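Asker: Each chain is listed here by its residues.
2 protein chains.
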Amino acid sequence: MREASAAVGSFLLRLDCDTAAFCYQLGFFKLAFCRIAVYELGAMKKLFSILLVATIALIARAAIHTETVEYKQGDTTLEGYLAYDDSFSGKRPGVLVVHQWLGLTDYEKHRAEQLAALGYVAFCADIYGKGVRPKDTSEAGAEATKYKSNRQLLRARVNAGLDILEKNALVDPKRVAAIGYCFGGTTVIELARSGATIAGLVSFHGGLDSPTPADGKSIKCKVLVCHGADDPFEAPADLAAFEDEMRQANVDWTLIKYGGAVHSFTQPMAGNDNSKGAAYNERADRRSWADMKRFFVEIFQ
Amino acid sequence: MREASAAVGSFLLRLDCDTAAFCYQLGFFKLAFCRIAVYELGAMKKLFSILLVATIALIARAAIHTETVEYKQGDTTLEGYLAYDDSFSGKRPGVLVVHQWLGLTDYEKHRAEQLAALGYVAFCADIYGKGVRPKDTSEAGAEATKYKSNRQLLRARVNAGLDILEKNALVDPKRVAAIGYCFGGTTVIELARSGATIAGLVSFHGGLDSPTPADGKSIKCKVLVCHGADDPFEAPADLAAFEDEMRQANVDWTLIKYGGAVHSFTQPMAGNDNSKGAAYNERADRRSWADMKRFFVEIFQ
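Residue numbers (the working numbering), protein chains in the order written: chain A, 1 to 301; chain B, 1 to 301.
Rather than coming from a laboratory, the hints here were simulated on the basis of the structure.
Incorrect hints may appear among the rest.
[As the list claims (entries may be wrong)] Every beta carbon over 10 angstroms from chain B, so not counted as near; a handful from chain A, in silico:
#1 THR105
#2 ALA142
#3 ASN150
#4 SER210
[What the hints assert, rightly or not] Keeping only pairs whose Cα atoms sit at most 30 angstroms apart, straight-line, the calculated BS3-like set for lysine-lysine is:
#5 B:LYS276 / A:LYS220
#6 A:LYS174 / A:LYS148
#7 B:LYS276 / A:LYS217
#8 B:LYS167 / B:LYS91
#9 A:LYS174 / A:LYS217
#10 A:LYS276 / B:LYS220
#11 A:LYS220 / A:LYS167
#12 B:LYS217 / A:LYS276
#13 B:LYS146 / B:LYS72
Quick caveat: nothing in here was measured; it's all calculated off a predicted structure.
Glycine included, every Cβ here is placed at the ideal spot set by N, Cα and C.
Generate coordinates for the entire structure from the input sequences, incorporating the hints supplied.
Answerer: This is the structure we're talking about:
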């Protein structure tokens with residue numbers, strides 16, 4: 001019973017880790033407790049005590065395994081980052097994480113660990129290549145431009161990362177998604193435009209423009225775009241063109257505009273000055289992460 | 001234990017009623033079962049059996065109370081519809097439901113009953129007046145125009161409905177929201193523009209235009225707009241003006257565009273022919289209802 005309760009405890013813990021879902025639970029626990037108030041409370045208290053104790057016991061045991069993974073695209077060596085919860089076995093959904101223009105940093109690695117804690121196998125792709133880690137925005141801009149101006153190379157690089165994730169023994173290859181930030185947000189859409197058979201993608205403040213909008217017809221997955229409503233780096237014309245691309249290709253797409261958010265709204269290191277055009281927005285970060293998780297639940301059924 | 005389990009059973013049942021949240025659970029139950037597979041399964045099976053039986057027992061007992069409520073705005077008699085779950089006691093959040101241009105119909109009453117089943121006190125406001133129930137779209141257009149061309153009257157009518165809800169003994173007046181469809185979607189935004197101290201509003205395919213955009217500065221609540229990305233009845237200029245109104249007033253707003261959805265996407269009676277500009281879209285209906293519920297969880301904390 002202790003181990004079985006630990007499973008439910010862990011399940012509750014995972015919800016607890018998810019602000020939105022936890023609040024969702026909370027709302028209904030309140031109602032549930034209204035009922036309990038007029039019923040017999042003792043047994044329920046006991047049940048939750050068991051789960052709480054089991055959960056704490058489980059936290060001590062849970063462990064996120066992480067490792068650097070070297071792989072290739074053509075002759076180029078790439079260095080990605082894998083993360084999963086090794087406290088339980090069995091295949092599970094996989095999530096590819098694509099980095100922003102600064103290349104694969106601790107930021108994406110932390111996101112992968114967050115995804116692993118939710119029960120997914122997460123793999124951070126490396127688009128730029130082993131050791132290619134821009135020191136500043138000027139280097140980042142130059143590096144990102146190499147790929148944004150060569151979408152075929154960008155597609156080849158991101159597909160190489162997807163291949164690593166899908167071949168992982170813990171991953172159910174029929175339940176794989178891709179998420180990306182800024183440059184990575186553009187990249188995961190290119191992954192879909194390349195015809196990749198993933199279940200869905202989430203683009204966080206990614207560039208949505210495409211030199212070949214007709215490629216939208218190759219998109220087979222569900223698309224969720226999380227966009228800062230005040231993002232000055234996404235021209236209204238590009239946003240409109242993206243929506244048209246989705247319409248023309250009859251894609252299953254949703255676009256969420258977060259009011260008050262500019263570019264990089266999920267990036268704490270972007271600071272809090274919206275006037276710079278890129279800034280962290282705690283509210284939009286929290287909501288978009290929760291929106292992503294709910295999207296995963298739908299696509300991973 | 002049976003009664004206590006019934007409370008949890010009911011809690012699970014409520015999730016079960018919510019496709020998105022249920023899928024959310026399902027995703028993690030799968031993970032939980034991965035754990036259980038390597039642990040001892042018997043006790044867990046027993047626990048869920050108890051909850052299932054208790055849930056079925058509770059379904060038989062649960063009851064949604066509904067009643068027609070006559071009230072006034074000025075000298076005009078209005079006839080609303082109240083719904084709540086009377087199988088438990090205690091104050092709970094309230095949700096005002098505002099009808100589409102056809103006036104208060106069984107459609108809004110059903111939505112109120114769905115909200116009651118989720119644990120909220122729901123009240124369908126009557127904007128047009130007792131007995132004023134347009135027979136066709138031509139009558140509906142004429143009636144709706146009376147109010148869209150007289151926003152002060154529209155605000156007075158919707159505030160009268162809000163007053164009834166907030167004074168209900170079962171409602172926590174600090175946790176009240178308003179939702180509306182089409183004409184009602186416009187109306188709940190006008191309610192917020194009138195300075196109403198509600199926690200939030202959800203507009204489903206509502207007209208977003210305003211003759212007095214400066215009134216956005218009176219909006220004190222969180223705003224969620226659920227919009228059909230292909231809605232031909234919302235001019236791009238009106239959509240842009242609405243976003244500007246929200247920006248200028250520094251409102252906490254979110255706009256969700258559902259791909260493939262036109263006007264009336266939540267209305268089964270609208271048929272399935274997008275070429276008519278108004279049609280039901282099961283996917284957008286399901287997702288927007290789930291988005292509304294998650295929004296409620298955030299604003300009702």
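Asker: Confirm or reject each hint.
Answerer: Do the hints match the structure? See the list:
1. THR105: Since the minimum Cβ distance to chain B is about 28 angstroms, THR105 (chain A) lies beyond 10 angstroms and the statement holds.
2. ALA142: holds, 33 angstroms
3. ASN150: holds, 28 angstroms
4. SER210: holds, 16 angstroms
5. B:LYS276 / A:LYS220: With Cα atoms ~27 angstroms apart, LYS276 (chain B) and LYS220 (chain A) stay inside 30 angstroms; holds.
6. A:LYS174 / A:LYS148: With Cα atoms ~28 angstroms apart, LYS174 (chain A) and LYS148 (chain A) stay inside 30 angstroms; holds.
7. B:LYS276 / A:LYS217: holds, 24 angstroms
8. B:LYS167 / B:LYS91: holds, 11 angstroms
9. A:LYS174 / A:LYS217: holds, 21 angstroms
10. A:LYS276 / B:LYS220: holds, 27 angstroms
11. A:LYS220 / A:LYS167: holds, 20 angstroms
12. B:LYS217 / A:LYS276: holds, 24 angstroms
13. B:LYS146 / B:LYS72: Since the Cα atoms of LYS146 (chain B) and LYS72 (chain B) sit roughly 18 angstroms apart, the hinted pair holds (cutoff 30 angstroms).
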